[in-house]
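*Asks:* Mind docking chain B on chain A? Use the hints.
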Amino acid sequence: MQPLTPKILLFRTAVAALLLIAIMLACALVGSQDVSLRAVFRGPRDGATPSLDYEILMRVRIPRVLLAAMVGAALASSGVIFQALLRNPLADPYILGISSGAGLGAIIAVISGLSWTLWGRSPIAIFAFVGALGTVWLVWGIGRITGRHQVAGLLLAGVVVNAFFSAMIMFLVSIARGQQLYATIFWLMGNMTEEDLFVLWVGGGGILAGIVALFFLGPQLNIISVGHQDARSIGVSVERVELTAFAISAFITAVAVSLSGLIGFVGLIVPHAVRLLFGPDHRQLLPLSSLAGAMFLVVADTIARIVVAPAQLPVGVVTAMIGGPFFLFLLVRYSRRVYWPT
Amino acid sequence: MTAVLQVNRVSFRYGPQKPVLSGIDFAIERGTFLAVAGPNGAGKSTLIRIMAGILKPQSGNILLEGRDLNSYGIRGIAQRIALVRQEFVPAFGFSVMETVLMARTPYYDQWGFESHQDRDLVLKALELTDTARLASRALGSLSSGERQRVFIARALAQNTPILLLDEPTSFLDLKYQVGIYDLLKSIQADMAATIIAATHDINLASQYCDEALLLYPLAEGPEAPADGSRLPDRPQFRVGRTSEIFAPEEIQRAFGIRVFSGRVGTERFVLPLGTRAKDAHLPGLPT
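Taken in sequence, the protein lines are chains A and B. Reminder that position 317 of the first sequence reads as 317 in our numbering, one-by-one numbering, no gaps. Reminder that position 156 of the second sequence reads as 1156 in our numbering, one-by-one numbering, no gaps.
The reader is advised that the hints may include incorrect statements.
To be verified - Footprint (simulated), chain A over chain B, 3 or more residues, beta carbon under 8 Å:
#, region
1, 1076-1085
2, 1090-1103
3, 1111-1124
None of these hints come from the bench; they were simulated from the model. Where a beta carbon is used, it is the ideal one built from N, C-alpha and C, also for glycine.
Only chain A is shown next, with the shape it has when bound in the complex (with noise of 0.2 Å):
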């Protein structure tokens, strides 16, 4: 493979990019109700009637692909920041316990039944916030205790709080009433359903920095996700560009579930697909990886939409069925040019 350069690197990410803008277009344009564009472009009112095509358009349909891109976008990246860090090519955002950290700060929102908003929140996604954010730090506490260059225990420490917190969120789920239930389940599967667009904005702005920012820490990545020591060796300041990349993906997974609930799989095998076509260097993976990310969930999020419409399908259901076989052709594909630590 070419090493990379910064013609390359520019050139891919601007065609992932447009390919990824025409998707979300294309994505914006499919459902259950037929849009018109020549109707849209008239603008928000024809005549004097409400265009029903603008609206259906412009206020729901287009925040609903922009969350799923930012989304997609946030999950990829963070999955690529954890493995790099935990050098470990099975982990994802949620492997120090995040997903079950923001559940379970989700499901004491719903059943406590607070009414209070913020900004015209509901406390769902605060609460869901604060639990992911909480339980990292949690976690990474936990891990500096079992030794600081460990990796075993932080994986350890997350294992054990992932399943501490699952078994909690399965207790009020077993003890929810009915519609509460419903709301939790809905939440845990995650969902798309995001109107407001000042939340959109702030979120996607926070996600895109944070993406930004974690580029710049590509080239000390790449030698980190080799070996501690290597790193320290060559002149790499470990511990404060571990805990950067660390504290910048935990926030941006923590923004991400907190506006979407828990959706599996695009942090594990974005990554891993994108690895498996470019390569490992992390100046390119995380740009490709994110944009790649973007691009899955916006197509996930639509089949979602319309395979059973005018229900609608969870979307991390969509992700996990085709992400499976989709990862495993992959994996057939290209294993002959990756090789697996024995």
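*Replies:* Chain B in isolation, oriented as in the chain A frame:
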């Protein structure tokens, strides 16, 4: 001649109950090839990591070109000392070229890319280690010997006057072991590098190294002094010319085994013999 690296009464323990190094004190002159030998647990790797600035000793210090090692900072140390660890396969499938380029990471431009100068250093390192023809291969597809040459190339691309190696020939077969030592010897000769290698192979070290440091295991348990120090009449280490340090009786004392020794040319060789070895009852063996 001034000492390029000076180890001053360094003591290290991993916990209150586990002293590893005690009062290690020696100096290395520029351009010397030093072998660090000793049984498992005697602290070879620990000493290498202390000299690389990765571990901090509880007492004593390291002087690099006359200045305390800690005062250089992570990057300053990396400009002067490169570390090669035991050969292994990294988790992700980086190519040989990508791996060696990583040595230049601290010098990349603000967009995270290498300069022409970086690339030249990398190409030179690939050539010196005879790995240029493998440049586009994935690290995992190489043999262990080839992979170790790549890690040495990465250390060379760091462009440092001092090279530390932690058991560079473990897991390698005879041909690759000799190959690595020939390579190290040529690096020492051509680049006037100072090389320090922890090793289990006393015979190869005798043939290739100028000096040797032999570590004896520290007493553990009840007889161990509380502060981890040894009795003053028996220091934990000996350092000097390989032929003196690797004397058969010293090796027997350090490793607690019997050895058969002979001479190749100017250097001795030692052969460890356990009690059930075929030639264990050979007349003339020390008992």
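*Asks:* Could you run down the list of hints and mark each one as holding or not?
*Replies:* Hints, one by one, checked against the model:
{"no.": "1", "hint": "1076-1085", "verdict": "holds (count 7)"}
{"no.": "2", "hint": "1090-1103", "verdict": "holds (count 12)"}
{"no.": "3", "hint": "1111-1124", "verdict": "holds (count 3)"}
Violated hints: none; the structure is consistent with every hint.
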